[in-house]
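Residue numbers (this note's numbering), protein chains in the order written: chain A, 159 to 534; chain B, 47 to 645.
By construction, these hints were calculated from the structure, which means they are not laboratory data. Using N, Cα and C, we set each Cβ at its ideal position, and we do this for glycine too. Heads up, a few of these hints could be off.
[Claimed, not checked] Sample of chain A residues facing chain B (criterion: CB under 10 Å; computed from the structure): (1) Glu162; (2) Gly166; (3) Ser428.
[What the hints assert, rightly or not] So the derived label-pair ranges between C-beta atoms look like this: (4) Asp182/A - Ser590/B: 30 to 36 Å; (5) Ser590/B - Lys240/A: 56 to 62 Å; (6) Asp182/A - Glu354/B: 45 to 51 Å; (7) Tyr206/A - Ser590/B: 49 to 55 Å; (8) Thr588/B - Asn211/A: 55 to 61 Å; (9) Ser368/A - Glu351/B: 43 to 49 Å; (10) Ala354/A - Tyr405/B: 32 to 38 Å; (11) Ser368/A - Lys610/B: 45 to 51 Å; (12) Gln209/A - Glu351/B: 41 to 47 Å; (13) Lys599/B - Gly324/A: 19 to 25 Å; (14) Thr503/A - Ala357/B: 30 to 36 Å; (15) Lys599/B - Lys381/A: 16 to 22 Å.
[Claimed, not checked] Okay, derived cross-link-like pairs now, DSSO-like style, lysine-lysine, Cα gap no bigger than 27 Å in a straight line: (16) Lys616/B - Lys499/A; (17) Lys499/A - Lys538/B; (18) Lys617/B - Lys504/A; (19) Lys620/B - Lys498/A; (20) Lys620/B - Lys504/A; (21) Lys599/B - Lys355/A; (22) Lys610/B - Lys478/A; (23) Lys616/B - Lys355/A; (24) Lys499/A - Lys608/B; (25) Lys163/A - Lys312/A; (26) Lys177/A - Lys608/B; (27) Lys599/B - Lys163/A; (28) Lys498/A - Lys479/A; (29) Lys599/B - Lys285/A; (30) Lys487/A - Lys617/B; (31) Lys355/A - Lys617/B; (32) Lys616/B - Lys479/A; (33) Lys617/B - Lys499/A; (34) Lys364/B - Lys309/B.
Given next are the chains, with one letter for each unit.
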Amino acid sequence: MNSEKIPGLYIHIPFCLSKCLYCDFYSSTSISAVPDFLNGLFKEMEMYLNQFNPFDTVYIGGGTPSLLSSKQLENILIKARKNFDLISDAEITIEANPADLNRSFLESIREIGINRINIGVQSFDEKALNFLGRRHSVRQAFSSVEASRKAGFKNMGLDLIYGIPGQDMESWRDTLKQALVFSPEHLSCYQLTLEAKTPLGIRHRKGEFSVPVEALQLEYFTKTSELLEDAGYIHYEVSNFARGHEHTSRHNQKYWDHSPFLGLGPSAHSFQGNQRWWNRRSLDRYLAAVHEGKRPVEDTEILTMEQLRLEALYLGLRTKKGIALEDFKTRYHFDLFAEKKEILTKLVEEGLISIRGDQLVPTQSGFALADRLSLI
Amino acid sequence: MKNIRNFSIIAHIDHGKSTLADRLIQYTGMVNERNFKNQILDNMDIERERGITIKSQAICLPYQTRDGEEYILNLIDTPGHVDFSYEVSRSLASCEGVLLLIDAGQGVQAQTIANLYLAMENNLEIIPVINKIDLPTADVDRVNEQIDSELGLDPFGSLKCSAKEGIGIEEIFEAIVKRIPSPKGDPEGPLAALIFDAQYDPFRGTIIHCRVFDGTVKPGDFIRLMSNQATYKVEEVGRFLLAREKRDRISAGEVGYIFAGVKTVSDVHIGDTLTLDDRPCDKPLPGFKEFKPVVFSSIYPIAPEDYEDLAVALEKYKLNDAAFVYQKDSSIALGQGFRCGFLGLLHLEIVQERVEREYDLSIILSVPSVRYRFTLKDGSIIFVDNPAHYPDSLSIEKGEEPYIRAMLLFPERYLGSVMKLCMEKRGENSRLGYLGPGRVELSYEMPLADVIYDFYDRFKSVTQGYGSFDYEVLDYRESTLVLVDILVNGEKVDALSQIVHRDQARPRALRACERLKEEIPRQMFKIAIQGAIGGEIISRTTISPFRKDVTAKCYGGDITRKRKLLEKQKKGKKRMKTIGSVSIPQSAFLAVLKSDTDN
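Hey, can you work out the whole structure from these sequences and the hints?
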């Protein structure tokens, strides 16, 4: 089904110096286990030899990949190239914490072929950083961005969070404007999500703080979009902005259009054809499997056509490109336009979507309701 | 016959009737501890959950007295809601005595009195039993005072027990034997047996539960049902132990069952008299009434393709519920369905729940209605129980609606608020009587439609649960009726229409709009809800749309999780009916008739 789509490679580095209060990704603070992990990772790569080729993106995420040395990162890429075909102009991204980024590290990782850096700035407001439990300061955020540019990163993304208790529209606007000063190629602006088992999630449930009500959430969402579009960015996905089409995240796009991807490392997810599988969410159990010569897979699901269809809808509606109706019909055996005509007409009238030729596209208001739109 | 006792337990809700029944059964040693399941007699899930008994049940308890004599005690369990008061009265008519169970902490309550009255009407021996004496809040002296002053019974005869702890159980058995009279009757006389229940058995057809007053019935006899003269050949008779126990005959004084090849329970009428075809009794036993549905509503499948399954489900359900009637129906908004008749709103909710649960169907019920009578200008008379069939208003000469007499029992201190409620419900011709110090009996003639519209809930609420209520249908009376339609985003939803008295049209329409606003979840666009008479809009509310509802992140690891969440929401949406583009949950249709007091 995805034969025409080129796969992406994701590598999960499950280490952090400290856990941020809102984060529910898997990571461990036992940094001494990095060498063991890398050995395991290399073994896991061998288990997928030639199964996804070729890749045109590599995304080293986490956790905190910038905790690794440039040598360790280099080894990862060497092993990846040894086991898989990476096309010559592959997009190779690293996620980084501002506190870890100095000029020489950045230059080294540039040299080994990493051509895109995504920096977890989150905010240019010290209070907000404290609330989130980030281990870097505003000053470090500044210097990391500047150093990245000096080290030659021409494709740089910044992650920012809004809707933080204590923050108001004015301070969020300040953070956005500050980010724009650096002209990043890419911006991800997330609304703070409180996951149940995280420290912030627990504190919120206890009523220690409140988060913006729906109307205010919408205002953040809309103002962010307006401000960044005015500055020349394309709002190409619910939370993502690019300074020109060439700067959209090639790797993340794969998640949104059902392209195949291979995820390596603890808790990483993979997708191919109609199958999705995910690795064990514990470094120890991950290593145990790998050392037994088994794939460290926790579970696999085979998606029905109906499930694929629902995913395609909600993922597609997250993107500005929207859904190509003919392609949708071919891939998911469902004629959206014919079967859902009544509700689609209503949604067009309500200004939540538009239908231009073959494309079903969410409007700005539709973006803000993308999940609900997919339930039509 | 002298060693038989037929009795029932009657009580206010939650005073421990089912627990006591369990304990009596356990005491006889018929069931071992391992197989014991609480509330043996309430064997439908829905009965255990709601804590009420819907169907009557009977069980035969063998008991040896302290002085060594063997007795057969037949316990006949009864339902506990006004919708089923006829069934209660037939069960009590099958007994010679009752245990009137009273909670030692709560004392005498509304249903204690209502049930006492039913028992008195049937001339039964009444044994007051004070339950839950182990509770710290128990106040036995106070309850005894109430037994004397409010019930007019002799408190010296009251028993004390804790059904939960098994205290005082033997004394109850001894009192049943000593104080409840043995049944009288002539085993050699012409057969007269009272049918107090009928249940469907998938292998044997209908199992008739009856109390034999005179005569004897045995396999091979030809029996006759006196109300419709239908005859059947008896295949098997027996009595109720935990399982059925076959016998060669059942005779005067006994409680038992009969299989006679009766196909459905609808062929048997509760309260009917059963006799022998070749030697019938002179006249039927007193008290027989035909079931008359008083509340009507249409049932539709949420998914149109479930229509056939719904048809099968109703057919099967009907096998076990003689009071439920239905026929085909269709709605512009909801498609193919069935128009159904019920004994009351509780009966309606029970049918809804059982059909959904036992047949795994998602259904919608239209707004319940009573049956109106219209005389048209051409002189013809039509009955309308479905607002969708409301006649053209220009063709109507006069409209009439059914009236009932409500009998209300409650402490005097609530008199003012109850009278106010009854006036609001268009009550007339009130009669007031004093039962005992501080306790009154009030009767009112009221339109039935007003009774089904939240009367019961509000009466319970204004009397703080101390009021009890029963009614009998009187006659049709002239009334100025109008049809109130509900429009959702400009589209008329016929299943939400109501026929109401003109004076109530505006408040009802407004209330309906408000209730729908509470029940219909916000959607992606604004929803306008309007109430209208003819083309005139008389009420309006709007439901504001969602504006922001999207998760911030969605990368590799989030996709499955997010899909599962959406699948769940989608499943919830499947339980709603989409009309126009608006998803309306099933609860909305019944909510229109419910009062504020539910919340």
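Here is what the structure says about each hint:
no., hint, result
1, Glu162, "violated, 20 Å"
2, Gly166, "holds, 9 Å"
3, Ser428, "holds, 8 Å"
4, Asp182/A - Ser590/B: 30 to 36 Å, "holds, 32 Å"
5, Ser590/B - Lys240/A: 56 to 62 Å, "holds, 58 Å"
6, Asp182/A - Glu354/B: 45 to 51 Å, "holds, 46 Å"
7, Tyr206/A - Ser590/B: 49 to 55 Å, "holds, 50 Å"
8, Thr588/B - Asn211/A: 55 to 61 Å, "holds, 56 Å"
9, Ser368/A - Glu351/B: 43 to 49 Å, "holds, 45 Å"
10, Ala354/A - Tyr405/B: 32 to 38 Å, "holds, 36 Å"
11, Ser368/A - Lys610/B: 45 to 51 Å, "violated, 27 Å"
12, Gln209/A - Glu351/B: 41 to 47 Å, "holds, 42 Å"
13, Lys599/B - Gly324/A: 19 to 25 Å, "holds, 21 Å"
14, Thr503/A - Ala357/B: 30 to 36 Å, "holds, 34 Å"
15, Lys599/B - Lys381/A: 16 to 22 Å, "holds, 19 Å"
16, Lys616/B - Lys499/A, "holds, 18 Å"
17, Lys499/A - Lys538/B, "holds, 21 Å"
18, Lys617/B - Lys504/A, "holds, 22 Å"
19, Lys620/B - Lys498/A, "holds, 15 Å"
20, Lys620/B - Lys504/A, "holds, 19 Å"
21, Lys599/B - Lys355/A, "holds, 17 Å"
22, Lys610/B - Lys478/A, "holds, 24 Å"
23, Lys616/B - Lys355/A, "holds, 25 Å"
24, Lys499/A - Lys608/B, "holds, 25 Å"
25, Lys163/A - Lys312/A, "holds, 26 Å"
26, Lys177/A - Lys608/B, "holds, 23 Å"
27, Lys599/B - Lys163/A, "holds, 22 Å"
28, Lys498/A - Lys479/A, "holds, 20 Å"
29, Lys599/B - Lys285/A, "holds, 23 Å"
30, Lys487/A - Lys617/B, "holds, 23 Å"
31, Lys355/A - Lys617/B, "holds, 26 Å"
32, Lys616/B - Lys479/A, "holds, 24 Å"
33, Lys617/B - Lys499/A, "holds, 21 Å"
34, Lys364/B - Lys309/B, "holds, 12 Å"
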